[in-house]
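**Student:** Order-wise, the sequence lines are chains A and B. For the first sequence, full-length UniProt numbering assigns the number 1 to the initial residue and increments by one for each residue that follows. For the second sequence, full-length UniProt numbering assigns the number 1 to the initial residue and increments by one for each residue that follows.
Incorrect hints may have been included.
Since copy identity is lost for identical chains, a pair holds within one copy or between any two.
Said to hold, decoys possible - Here are the simulated PhoX-like cross-link-like pairs (lysine-lysine), alpha carbons at most 20 Å apart as the crow flies: (1) Lys91 / Lys110; (2) Lys122 / Lys4; (3) Lys190 / Lys268; (4) Lys345 / Lys91; (5) Lys11 / Lys48; (6) Lys11 / Lys46; (7) Lys123 / Lys323; (8) Lys122 / Lys323; (9) Lys110 / Lys3; (10) Lys357 / Lys259; (11) Lys91 / Lys136; (12) Lys268 / Lys136; (13) Lys59 / Lys123; (14) Lys46 / Lys109; (15) Lys229 / Lys46; (16) Lys323 / Lys302.
Simulated from the structure, these hints should not be mistaken for lab results.
Residues per chain, in single letters:
2 protein chains.
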Amino acid sequence: MRKKSLLEAFKQTQYQISGHGRRNIQVLKEALLNIDGQQESDLYGKGKIIEEFQTKVAKFLGKESAVFFPSGTMAQQIALRIWCDEKGLNKVAYHPLSHLEIHEEDGLKKLHNIEPILLADKKRLIVMEDVMNMGKDVACLLLELPQREIGGQLPDYKTLESISTYCREHHIKLHLDGARLFEILPYYKKSAAEICSLFDSVYVSFYKGIGGIAGAILAGDETFTEESKIWKRRHGGDLISLYPYIISSNFYFDQRLNKMNEYYEDAKELANFFNQCQGISTNPLVPASNMFHVHFDMPKEKLESTLIAIYEKTGIGITSYVKETSVKSCYCEISIGDQYCIIPKDELRRLFEMLIK
Amino acid sequence: MRKKSLLEAFKQTQYQISGHGRRNIQVLKEALLNIDGQQESDLYGKGKIIEEFQTKVAKFLGKESAVFFPSGTMAQQIALRIWCDEKGLNKVAYHPLSHLEIHEEDGLKKLHNIEPILLADKKRLIVMEDVMNMGKDVACLLLELPQREIGGQLPDYKTLESISTYCREHHIKLHLDGARLFEILPYYKKSAAEICSLFDSVYVSFYKGIGGIAGAILAGDETFTEESKIWKRRHGGDLISLYPYIISSNFYFDQRLNKMNEYYEDAKELANFFNQCQGISTNPLVPASNMFHVHFDMPKEKLESTLIAIYEKTGIGITSYVKETSVKSCYCEISIGDQYCIIPKDELRRLFEMLIK
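For reference, chain A alone in the conformation it holds in the complex:
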C-alpha cells in the first residue's frame, strides 16, 4: 500500500489549526447568498460594484483612491513600475525574501526591466541602517509587513516612522506590501490609515486573513491609481468582470476584519504550546500577527510520519506541508483563522502531548 502523504492526511482531519476552513466552492456560494442576482456586473473597472468597494477600502486605508486587482503580483509590479517611471530610474529595494523576489518568476525583471537591491539578509528584518546604506539611486523601497518568509516578524513602529521620514527626505517612494496588513493592526495598535500614512502606495490582499477567494487592492493618490489602471490593462488584469472576487472580498472583509485581534491572541497562545515542546520553536518566539513559523529539529520525512500519525489519532491537522531547512531540520507555517478556536482544548492538549514525546 502506498504511504499516505501529509497533504492527504491533513485533508482527512476533522479540525485544522490554520486557516478559515477548506478552500472550496462553498466559500463563493456563501458570499453570493444574499446578493441580488439582478445586480449589474462591473464592466472593465467601472460600475457600482467595483467602485463602491474601491472607495470603501481607500477610506479604510486612508488613501485618496484605490483600484481592485486580480492579484497582488500584478498590483505590486505595477506600483514599482510607476514609481520607477516617475523617477526615470529602474531600481527598487526590498527584502531578499520578498514575494517579488522568490514567488513571481522574476516578473519584475522580465516584464518591467526593474533591478532590485536586496536589503538586510534572509534571516532578519530590514533595519534603518540597511535603508541608509542602500544608496540614493533607488526609485522605491518596498516594505513587507509582516515579513512573511521569516515567520511574520515586524519592525517596531518607530523604525517604520524613521524609514518613512528618511525616504521622504531622499525622494524615495515607500511602498507597503500589506498582503497581511489587516492582521498586524492589533500588534501596532494603530489604524490601517495611520500605518498607511507612512507609505506612498499600499497593496492589501483579500484571501489571507480575510479569507476571500482572490483579489487585491492597490491604493495611493489618484494620479498613481489612474496610472495603475492603464498598467492593469497592459497586464491583462482589466477583466470585463471581476465581481466574483470583489463580492467575496467585501463579504469576508466585513466578516473577519474585527476578528484579527482574536487570531493574534490565538497565535500567541498556540506558539507558546509549540515552544514548550523540546526540539520545537517558533519564529518569532512571540507572534506579531496571526502567523508564525514552527521550526522542528527533526528531518522532514520523520516529522511528516510523526504528523500523519498525530493527525490520524487526534483528527487535528497542523499543516499540509513541511519545508526542509537542512537534513536535520524543517519548518511549517501557521496562520490562525476561524478554525483554531473551534478545536476542543482537550483534543489540542492531547495533540501537544503526542508532539512532546
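Once you've looked at the hints, dock chain B against the given chain A.
**Tutor:** Coordinates of chain B only, in the frame set by chain A:
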C-alpha cells in the same frame, strides 16, 4: 430634464437584439447552482476543477495542452512573447485593428518590447499577398478569426490553408486570436480542431458567444503551454483560485456551443432586415458568424435620438452605444446570442418599419 442616454434607454428595453441577456450576478449564480459546495478550489493552476476543463478544451481544439487564463489580453501577449523568445526576434505581424494594437494600452510593446508589423489596412482582411510581403524577420503572425473590428469578416478557408503553409515553410509561427472561434465554426463547416491544426497556438474566449463571466484558454503543444504558465505567473495571472471563471466558462460552453449555428442563421436574417433600410448597411453584407456591424448614413447624435425613440416605442434595444465614423455617419456592433430569438417577430417588424422611415 436631462436627456436620456442611449445606454439608459437600452437598459430599460424589454428585449435586446444582441447578446444573451443582462450581465448581472445571476449569470454566476446560475452557473453555480448545481455545483457541489464541497468541491475543492483550484490552487495556483492545479486541481481537478482547472485541469479537467483545460483537458476538455485542449481536446476540443485538437491541441496537446491548454491553460486557463483570466484574460485574452494576458494569454495572447504571452503567446507572442514565447514565440519571439524562441526565435530570438521581437517582431510579430498582425492586423492594424488587432485587439493588441487598439485595446491593450500597448502592453505588448511596454511589457514585452515586441514590435508589431501591421498587415493589410483598417478596411480589409489580411490576404496571402500581405503575408508574402511582410518579410521573413517575423517570429509570429497573429490572425484574428473573425476580424472583429471590420464586422467579423472571415477569409476563405483556402486562404487560411495557404497562409498556414507559407508560415510553416518560412518558420514563422502562426497564432490564432480565436476570441470568437466557436462562433465561426458554422461558416467554415469545420471542426475547431481542423481550423486549429493550421495554427501553432490558439486563444479562445469564454465570454463572447459562450457568455461566461470572463476567462480564456491558450492552447498549443505542451512545451508551449508549460512556458505560458511561467509567464502567467509573471503577469500576475496565476491566481490562487480561478474557479469562478472556470465553472462559468464550462457551464455556458456546454450550454451554448451547439447554438452557434442558430446565432449565425439569426445574424444573417437580421442583417438582411437592416440592409432593406435606406441609408443603412451591414458589414459584412452577409455575416460570417453571429456578429456584424451596422453602418448608418446619419450623424451619431441623430441616430441616438432615433434609436431612443424606437426603444421606447417597441421595447426592443438594438445597441447600447454607437461609434462615429464621420460627422455624417456612424455604426454599431451586433452579436447575436440567446436574446434575439425570443423577440416576437411582429415587434421586430414594427422596429424595422420605424427604422426605414
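**Student:** State for each hint whether it applies.
**Tutor:** Structure-based check of all given hints:
1. Lys91 / Lys110: both (14 Å within a copy, 17 Å between copies)
2. Lys122 / Lys4: neither (33 Å within a copy, 61 Å between copies)
3. Lys190 / Lys268: within (19 Å within a copy, 64 Å between copies)
4. Lys345 / Lys91: neither (50 Å within a copy, 64 Å between copies)
5. Lys11 / Lys48: between (39 Å within a copy, 15 Å between copies)
6. Lys11 / Lys46: between (39 Å within a copy, 16 Å between copies)
7. Lys123 / Lys323: For Lys123 and Lys323, the Cα distance is within 20 Å only inside one copy (16 Å; across copies 58 Å).
8. Lys122 / Lys323: Answer is within: at 16 Å inside a copy they meet the 20 Å cutoff, but 56 Å across does not.
9. Lys110 / Lys3: Result: close neither inside a copy nor across copies, 41 Å intra and 50 Å inter.
10. Lys357 / Lys259: neither (33 Å within a copy, 65 Å between copies)
11. Lys91 / Lys136: The answer is within: 10 Å in one copy meets 20 Å, while 37 Å across copies does not.
12. Lys268 / Lys136: neither (39 Å within a copy, 65 Å between copies)
13. Lys59 / Lys123: neither (35 Å within a copy, 48 Å between copies)
14. Lys46 / Lys109: neither (30 Å within a copy, 25 Å between copies)
15. Lys229 / Lys46: Answer is within: at 11 Å inside a copy they meet the 20 Å cutoff, but 29 Å across does not.
16. Lys323 / Lys302: within (12 Å within a copy, 68 Å between copies)
Hints 2, 4, 9, 10, 12, 13 and 14 from the list above are not met by this structure, while the remaining hints are.
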